[in-house]
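Trainee: Each chain, written out:
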Amino acid sequence: MIRDITLGQYYPEYSIIHKLDPRLKLVVTLVYIASLFIIEDFFGYIIVAAAIFAVIAASRVPPRFVMRGLKPILIIIIFTFALNIFMTSGDVLWEYGWLHVTRQGLYTAFFMALRLILLIVGSSLLTLTTKPMKLTDGIESLLTPAKKLGVPTHELAMMMTIALRFIPTLLEETDKIMKAQQARGADFETGSIFRRVKALVPILIPLFVGAFRIAQDLAMAMEARCYRGGEGRTKLNALKFKRRDLAAAFVSAGYVAAIIMERILL
Amino acid sequence: MLRFWLQAAAVAGVYAALTMALAPFSYGPVQVRVSESLTVLPYFTPAAVPGLFIGCLISNAVMSPYPLDFIVGSAATLGAALLSYALRRIPWLVPLPPVVVNGAAIGAMLYYLYGVRPPGVPTALSLPADMGFVAIGEAIACYAIGLPLLKYLERHRRIFEY
Chain C
1 MIRDITLGQY
11 YPEYSIIHKL
21 DPRLKLVVTL
31 VYIASLFIIE
41 DFFGYIIVAA
51 AIFAVIAASR
61 VPPRFVMRGL
71 KPILIIIIFT
81 FALNIFMTSG
91 DVLWEYGWLH
101 VTRQGLYTAF
111 FMALRLILLI
121 VGSSLLTLTT
131 KPMKLTDGIE
141 SLLTPAKKLG
151 VPTHELAMMM
161 TIALRFIPTL
171 LEETDKIMKA
181 QQARGADFET
191 GSIFRRVKAL
201 VPILIPLFVG
211 AFRIAQDLAM
221 AMEARCYRGG
231 EGRTKLNALK
241 FKRRDLAAAF
251 VSAGYVAAII
261 MERILL
Chain R
1 MLRFWLQAAA
11 VAGVYAALTM
21 ALAPFSYGPV
31 QVRVSESLTV
41 LPYFTPAAVP
51 GLFIGCLISN
61 AVMSPYPLDF
71 IVGSAATLGA
81 ALLSYALRRI
91 PWLVPLPPVV
101 VNGAAIGAML
111 YYLYGVRPPG
121 VPTALSLPAD
131 MGFVAIGEAI
141 ACYAIGLPLL
151 KYLERHRRIF
161 EY
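Protein chains in written order, with our numbering: chain C, 1 to 266; chain R, 1 to 162.
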């Protein structure tokens with residue numbers, strides 16, 4: 001089970017979207033999410049959908065791979081859709097017993113479902129086209145102004161990078177501990193949810209103690225190499241804002257302008 | 001200081017690994033995120049506060065089906081961890097902030113941003129129901145696993161020294 005987990009959902013490709021500066025991608029994703037919440041009608045969604053399809057095509061990530069992100073919440077989308085259709089009051093279009101479908105209900109159901117789908121597809125493009133390490137570099141760089149307020153941005157980014165590096169090791173460790181406990185008769189699969197959850201305590205403790213031991217060893221190794229972090233430290237792969245990033249920023253600004261114009265004019 | 005940050009990275013790593021290893025239970029309205037039991041760790045060390053925040057940030061960024069969980073969920077975890085740290089003198093109250101803060105924040109996020117309406121609940125009660133379901137899941141993780149974990153780790157306090 002644990003071996004099937006891929007860290008994040010990065011899809012390696014040599015596309016222009018993959019090559020863009022992670023800082024730009026982070027900012028554009030946040031702007032994109034905000035744009036979805038200022039849209040009030042379906043015309044706005046046509047602009048968003050066109051933009052998303054263009055980005056998917058440019059990223060060369062297979063559309064079915066992008067759509068996979070929707071799988072875990074498909075039931076929630078369907079359920080919310082049905083609830084909005086049947087529970088919204090307004091002009092009745094069809095009625096059967098206590099069930100009724102209204103014009104407003106249909107509108108809200110499609111509107112909310114579309115918003116959810118576009119939200120998930122759009123934001124999963126960020127993790128599909130950016131390596132986790134690049135993302136942390138981007139976050140650190142974007143948080144630089146917070147450094148002046150005393151936020152330890154370098155330390156937080158270093159911690160994030162190390163935690164990301166720890167995850168595969170710890171996943172393997174979890175798998176090993178679970179198997180070792182099962183071999184000793186531990187049962188994680190039967191009984192009430194309360195019982196099953198409680199059965200996990202014997203996994204947590206060795207996992208936790210092991211992780212702390214790794215952290216101690218790593219601290220010692222880093223200190224032995226005179227790590228002191230922060231000021232004056234250089235990077236092997238420094239982020240550079242290139243011409244293509246500027247072009248992408250202009251395209252994104254065009255997208256925002258189109259959304260605002262749509263809201264004002266229609 | 002380096003040891004402080006590496007302890008925090010260890011907490012973040014365990015949090016993220018556990019969330020991912022038990023993924024089907026970890027996201028959504030009815031979730032029991034076993035990793036939330038680690039929210040008792042501020043009782044032992046302040047390094048757990050940034051650790052839990054970053055762990056939650058990573059788990060939500062790479063796995064959550066709700067993209068805004070990345071912001072709302074992580075901010076809620078940070079707020080709860082700070083409160084747990086403030087309450088560290090009363091052990092049985094340490095797991096309470098994540099139950100309350102996450103229940104309110106994630107429940108509100110599911111209701112307002114994603115339009116999640118729990119089945120069989122009148123529409124007027126959907127918001128408190130969303131909050132309640134998240135809080136129940138949190139309570140199971142924090143009290144059924146978190147509290148025994150706290151008691152056990154109490155005997156091994158020296159692993160938190162840095």
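Honestly, the hints are just simulated from the structure, not real lab data.
Incorrect hints may have been included.
[To be verified] Under the rule of at most 30 Å between Cα atoms (straight-line distance), these lysine-lysine pairs were calculated in the BS3-like manner:
1. C:Lys148 <-> C:Lys242
2. C:Lys176 <-> C:Lys148
3. C:Lys134 <-> C:Lys235
4. R:Lys151 <-> C:Lys198
5. C:Lys235 <-> C:Lys71
6. R:Lys151 <-> C:Lys240
7. C:Lys131 <-> R:Lys151
8. C:Lys148 <-> C:Lys235
9. C:Lys148 <-> C:Lys134
[Stated by the list, open to error] Partial chain R-side listing against chain C, Cβ under 8 Å, derived:
10. Ala16
11. Val34
12. Arg89
13. Leu93
14. Tyr114
15. Gly120
16. Val121
17. Pro128
18. Ala139
19. Ile145
20. Leu147
Backbone N, C-alpha and C fix where the C-beta goes; we use that ideal spot for every residue, glycine too.
Trainee: Would you list, in rising numerical order, the hints stated earlier that this structure does not obey?
Mentor: Result: hints 2, 5, 6, 7, 12, 13, 15, 16, 17, 18, 20 break, sorted rising.
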